[in-house]
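Fit chain Y to the supplied structure of chain U, relying on the hints for placement.
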Amino acid sequence: MIPVTHYLALAAILFVIGTCGVILQRNVLTMFMCIELMLNAVNLTFITFSRFLNQLDGQIFVLFVMTVAAAEAAVGLALIVILSRRADSLDVDQANTMKW
Amino acid sequence: MNRFVPQMFTEWGTVDLNYSALLPEIILSLTGIMIMLVIPFVPTARHVSLGYPALAGIAVAFLSLVATRATWDQRGEAFFYGMVFQDPFALFLKVLFLFATAALVLIAMNYLDQEDRAQGEFYALLLFATVGMCLMAASADLIMTFLGLEILSISTYVLAGLKERERKSNESAIKYFLLGAFSTAFMLYGIAFVYGATGSTQYLIIAKVIPTSESEPFLLLLALGLMLVGFGFKIALAPFHIWAPDVYEGAPLPVTALLAVGSKAAALVALVRILFQALPALSPEWQVLLWMSAVLTMSIGNIAALTQTNIKRMLAYSSIAHAGYLLLGLTAHNELGTQGILYYLVAYALMTMGAFAVVQIVGGRDEQYIQIEDYRGLGYRHPFLSVTLSVFLISLAGIPATAGFMGKFFLFAAALESELYGLVFLAILASAIGIYYYLKVIVLMYMGDFQEETGTLITIPLSLRIVIAIMVLGTIYLGILPGTLLHLASEAVNF
Chain U
51 MIPVTHYLAL
61 AAILFVIGTC
71 GVILQRNVLT
81 MFMCIELMLN
91 AVNLTFITFS
101 RFLNQLDGQI
111 FVLFVMTVAA
121 AEAAVGLALI
131 VILSRRADSL
141 DVDQANTMKW
Chain Y
378 MNRFVPQMFT
388 EWGTVDLNYS
398 ALLPEIILSL
408 TGIMIMLVIP
418 FVPTARHVSL
428 GYPALAGIAV
438 AFLSLVATRA
448 TWDQRGEAFF
458 YGMVFQDPFA
468 LFLKVLFLFA
478 TAALVLIAMN
488 YLDQEDRAQG
498 EFYALLLFAT
508 VGMCLMAASA
518 DLIMTFLGLE
528 ILSISTYVLA
538 GLKERERKSN
548 ESAIKYFLLG
558 AFSTAFMLYG
568 IAFVYGATGS
578 TQYLIIAKVI
588 PTSESEPFLL
598 LLALGLMLVG
608 FGFKIALAPF
618 HIWAPDVYEG
628 APLPVTALLA
638 VGSKAAALVA
648 LVRILFQALP
658 ALSPEWQVLL
668 WMSAVLTMSI
678 GNIAALTQTN
688 IKRMLAYSSI
698 AHAGYLLLGL
708 TAHNELGTQG
718 ILYYLVAYAL
728 MTMGAFAVVQ
738 IVGGRDEQYI
748 QIEDYRGLGY
758 RHPFLSVTLS
768 VFLISLAGIP
778 ATAGFMGKFF
788 LFAAALESEL
798 YGLVFLAILA
808 SAIGIYYYLK
818 VIVLMYMGDF
828 QEETGTLITI
838 PLSLRIVIAI
848 MVLGTIYLGI
858 LPGTLLHLAS
868 EAVNF
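Line by line, the protein sequences give chains U and Y. Using my numbering, you'd call the opening residue of the first sequence number 51 and step up by one each time. Using my numbering, you'd call the opening residue of the second sequence number 378 and step up by one each time.
Derived from the structure by calculation, the hints contain no laboratory data. Since this is a predicted model, take the numbers as computed values, not measurements. Take these hints with a grain of salt, some might be off.
[Said to hold, decoys possible] Derived pair list, reagent style SDA-like, types lysine to any residue, alpha-carbon separation capped at 20 Å:
1. Y:K545 / U:S139
2. Y:K817 / Y:T686
3. Y:K545 / U:M148
4. Y:K585 / U:L103
[Said to hold, decoys possible] Listed next, the stretches of chain Y that the computed footprint assigns to chain U, with coverage defined by at least 3 CB atoms under 8 Å from CB atoms of chain U:
5. 429–441
6. 546–557
7. 609–618
8. 703–716
Backbone N, C-alpha and C fix where the C-beta goes; we use that ideal spot for every residue, glycine too.
Next up, chain U with everything else stripped away, as it sits in the complex (with noise of 0.2 Å):
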């Protein structure tokens, strides 16, 4: 039986590593993806906490975090699409059009 805590640390280290990868990662869909990897690790602490609580709750969560997270994706990868053509590069310091 592996301890709640488990899931729970595996949880944090993935939530963090895609934190620093939105803040490190200079091109647009490799933060999309951490985003993603955030979104996931939610997913893992909901889920733990549902099996830790008993409940079924936690679970139905997921599946809503699921479905917004798809939404979110067809949004955005058609943002990072007209992006790409419009300004024939991924690099966010690129997007420096407008400042101050």
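Chain Y alone, transformed into the frame defined by chain U:
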């Protein structure tokens, strides 16, 4: 082995599908879907007129609220398996959001009229965003709040990038999308910890469980911090405001108005519900965090606005500053504070939307006249626009006899009631700085040298004329006779 017997089915024996609680959302969604379906059959030249069905949908939604008026007083009771409230607080905000959206549709019709390629989906997305805002105002469950927020956010990601041929709009959308999704992840992680610590995501149950020993204080504090980061991004509170000016500048103007008014207000009231209804037990902790954020937000917003040359960007920083004032009401955590927030949201919606409506008209085709310098001599060229813009800016600056002053007065009074003297002092200092950049525009409009070549012919559609006039009258009325609205707000704050 009954480890996985679903408890919720036994707990939630009664079915409470109270459709009247969700009527406006249902009507708005159906109207939005209908517009989407009709778009392929409408010739491009007539896409602008799809605003009329959108307006009709908003009107029907409003009428449905009027018709079910009597049912909107069920305080402390949640419907749809504990997902939504049907209380006066939700009613107040839904009415506000419906009026704001109606004004936005009219601004958008003017905007789309000037575009080469009108896009009818603008209205549908606007309606979906409103559905999200209404759900957030009525939400009784963290998951519902999350879903409402995402309905709102995903619609606004698309709206911000709708001018897909323009680099600025692309950038604005991608920045908003990345940071929005990033902040959502934080908020969700916070929700997961609340769930872990209390075993529920319903506000009322969370509030009941927290004082007992069942909940983990460490997990709850972590959850509080993560959720505040998430909401901080959405409301554009310092230090999470960096995205706002860029996104506001690059997005099409009606969308900027939607982000500045709708998104901000919806996220703020969702935060009010979470902090006051679910986590009142943690108020010492969140009061400290919000105190710091309020000071930062007010000072950064006002000081950064001083140096702006683009009026959209200036209004963006001004809206950041106004979120800071609204935080005073949250930090105060008393009844007057919540009343003040509701009052200020109405005032803020009136003056900000009004200002954006004028900026939209002056900006003209492709938003070419968007610099503050373009307002030089507007007072001579177009008295109606300059007088109304002056009223909105004076109100935003918080000068007496305007709605902005009264709203600030209630918020500051609430903070004083909670003995937050330092915070009120800093807020007054910050708003004094703010007066400078608002008055700068007014001075330029009336006292700048009038140059003939900048003068272009500006035509104002009758509908926008009426909307702007109503907003001016509302701004002045609320500044002189705050009684009626304050009474409504005081009825709304008893959750």
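Here is what the structure says about each hint:
1. For the hint linking Y:K545 to U:S139, the alpha-carbon distance of about 15 Å falls within 20 Å, and the restraint holds.
2. About 11 Å separates the Cα atoms of Y:K817 and Y:T686, which keeps this hinted pair within 20 Å; it holds.
3. Taking the CA atoms of Y:K545 and U:M148, the gap is about 7 Å. The hint holds against a cut of 20 Å.
4. As the CA atoms of Y:K585 and U:L103 are separated by approximately 17 Å, the hinted pair is consistent with the 20 Å bound.
5. Using a Cβ-Cβ cut-off of 8 Å, 0 residues of the stretch 429–441 of chain Y lie near chain U, which falls short of the minimum of three, so the contact claim is violated.
6. Only when three residues or more bring their CB closer than 8 Å to a CB of chain U does the claim for the stretch 546–557 of chain Y stand; here the count is 8, and the claim holds.
7. Interface restraint, the stretch 609–618 of chain Y with chain U: violated (0 residues with C-beta to C-beta distance below 8 Å; minimum three).
8. Here the stretch 703–716 of chain Y counts 0 residues with a CB under 8 Å from a CB of chain U, which misses the bar of 3, and the coverage is violated.
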